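Student: First to last, the protein sequences are chains Z, P and H. Position one of the first sequence corresponds to residue 1 (the working numbering), numbered consecutively onward. Position one of the second sequence corresponds to residue 1001 (the working numbering), numbered consecutively onward. Position one of the third sequence corresponds to residue 2001 (the working numbering), numbered consecutively onward.
FYI, nobody ran anything at the bench for these hints, they're computed from the structure. The reader is advised that the hints may include incorrect statements.
Said to hold, decoys possible - Not close to chain H: a few residues of chain Z, all C-beta gaps over 10 Å, as computed:
1) Thr91
2) Asn116
3) Ala153
4) Tyr240
5) Ala282
6) Arg415
To be verified - According to the in silico footprint, chain Z covers these stretches of chain H (three or more CB under 8 Å from chain Z):
7) 2027–2039
8) 2049–2056
9) 2066–2076
Note that the structure is a prediction, hence the values are computed from the model and not measured. By construction, the Cβ of each residue, glycine as well, lies at the ideal position given by its N, Cα and C atoms.
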Amino acid sequence: MARTSSSGSSRRDVLKLAGLATAAGFGVRPAFSQSPGHVVVVGGGFGGATAAKYLRRAGVDVTLIETNATFATCPFSNTVLGGINEIDAITHGYDGLAAHGVQVVPDTVTGINAANKSVSLQGGTAVSYDRLILSPGIDFKWGEIEGYDEAAAEVMPHAWKAGAQTELLRRQLIAMDDGGVVAIAAPGNPFRCPPGPYERASLIAHYLKTHKPASKVLILDSKDSFSKQGLFQAGWAELYGDMIEWVPFSSGGNVARVDPATMTVYTDFDTHVVNVANIIPAQRSNRLVDTADLANGGDWCPINQLTFESTVQPGIHILGDASIAGAMPKSGFSANAQAKVCAAAIAALLRGDEPPSPSFINTCYSLVGPDYGISVAAVYRLNAEGAIAGVEGAGGVSPGDANAEFRKMEAEYARGWYASITSDMFG
Amino acid sequence: MADGITRVAVPETAAKGEIIEIKALASHPMDNGFMFRDNGTRIPRWIIHRFEVDYNDELIFAADWHVAISANPYISFHTIATESGTINFRWFDDNGDIYTESAKITVV
Amino acid sequence: MRALLISIFGMCMLATAAAADETAPANLANACAGCHGTDGKSPGQIPMIAGMAAADLAAELRQFKNDQKAATVMNRIAKGYTEAEIDAIANYFGGM
Ligand SMILES: Cc1cc2nc3c(=O)[nH]c(=O)nc-3n(C[C@H](O)[C@H](O)[C@H](O)COP(=O)(O)OP(=O)(O)OC[C@H]3O[C@@H](n4cnc5c(N)ncnc54)[C@H](O)[C@@H]3O)c2cc1C
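If we strip away everything but chain Z, and leave its shape as in the complex, we get (with noise of 0.2 Å):
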């Protein structure tokens, strides 16, 4: 019982029990008789909150391990840049996890032994597994941007990770003077949600356009083109007539440094002084991946895109942005869809069954404004090589032809998605 019920034992206790339970073998798990294993699940976002969910309804004994006690989600973090939600309404909480039978364990993961299935704790403790799941999201690749550390990040907020983040960079816009430059530095491919710098443009001008007109939001960009470009300028051409101006890389938009005290940012042929400066530097996987050296010396996690295995270590799967998923982009609806797909292969492996075949979506919708909703979608399966593809024929954006009702619409399904994945995850 020393998992389901925590009543008169510490936390430390009942994992010391879990391990030792773990350890010596138990053929008969006291808590879930019927589970065919353990699974510790790490990081408790977009895929892991899904996977242990899922897991459980499988009837697999979950530990889920999460620095933070709650989680704000990055989807939607840019309503809170634009003033239409407070940063609640996109925090969550793992007691509906927990409801589930998900044994929640806020600490950080420090290591991984893969020889003995086992994650070494912050807090001191360790726990052990039959398989293990990273969702473990990104990491940043600091200094790549000359001058761009995470010092330079309390000046020069990235929020590319959602909460503390996302409110600095709120109030450096509620603080700047009407007249101002926001500038947003885009990062080059591939990276965290591929729209959402342009979304985050959009909700930003929306702020801008009702409170302080006569600023402009600037994006200088390492890329040529970006993800439903023709959607965001049509819509911003719009919304917001040329508040917005985007640089692209080769008009000279990639930034290679920046000075947070004197607010400037310097693109390689070009110097910008700047009243707010949202730098999104360049991505990898989480560093906890290193520790078990998953990356392989590269950014990304290689897997076996049946069952989201690593290539690398047998028995530790690897979901969301940190993972190489074919040709499936790095977004939370992703990293939802793979976690189902990869829940059912592990409650499979555990039963020695083959694991089934795989399915996916990837929605991206993004608002331009509060009632301007676009989206890009795809539905993903493996490809005779076994990487996952998208199907031929189906997907694609919203229609650029389509009318002020068709837009609002999509905007209230973008508010829809959010009520359906975040319950999904956490409900």
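Model the placement of chains P and H with the ligand on the given structure of chain Z, informed by the hints.
Tutor: Frame of chain Z, contents of chains P and H with the ligand only:
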């Protein structure tokens, strides 16, 4: 040129003997001649086929480009700051056009 | 040698058999939950599909797939499924 944009970046000042970075960018479609328009006609080859850089009239960098180079070629290279003067950049395209830029450097 | 060849051949057969399998109905249907909520129980603005009869659900999906019904996104999604998969998805939700 597509929209006539060439950009260069050279440090305004440098110490004698210092290794400096020079950057140059041209906005150009670099059509490889293998693509077709929607109506089925071929888009002719149109690329920048050579790029040259002089430092006080001495050639310090040159490159011959072929059809595999993607649109908007961007070059960055290092050289040693030897003396004050002018750095001249030249891009040669298939139409016989030559685009030029120049930048001054003060070596102290 | 002969035995080895046969067993390798046998393994290949197994591998292709697994890959050629029909996509598991639960895997097909769970992907819909990203928008329609767990088991199709939508808490927000996207229509609830939990509780729909299998025949109605299949008919709706075919209309979306063939552009016979206007939609913002469902036509783009329904085009990703074969006739057999549409029936499998409909039966999965309908049988809940
Ligand atoms: C501004 C913005 C807007 C976005 N909008 C959308 C959108 O509209 N739609 C969409 O689909 N996607 C969107 N995304 C992308 C989405 O946020 C990510 O793709 C998604 O969060 C990836 O899920 P994940 O599980 O890989 O990582 P995350 O969701 O980041 O979860 C990782 C979790 O792991 C925890 N963790 C990390 N390391 C450890 C450790 N060592 N020990 C314990 N816990 C740890 C972290 O605290 C975190 O909670 C957006 C992203 C941004 C930045």
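Student: It remains to establish, for every hint, whether it holds in the given structure.
Tutor: Status of each hint after checking the structure:
no., hint, verdict
1, Thr91, "17 Å, holds"
2, Asn116, "30 Å, holds"
3, Ala153, "31 Å, holds"
4, Tyr240, "23 Å, holds"
5, Ala282, "28 Å, holds"
6, Arg415, "6 Å, violated"
7, 2027–2039, "holds (count 11)"
8, 2049–2056, "violated (count 0)"
9, 2066–2076, "holds (count 3)"
Hint check: violations occur at hints 6 and 8; the rest are consistent with the structure.
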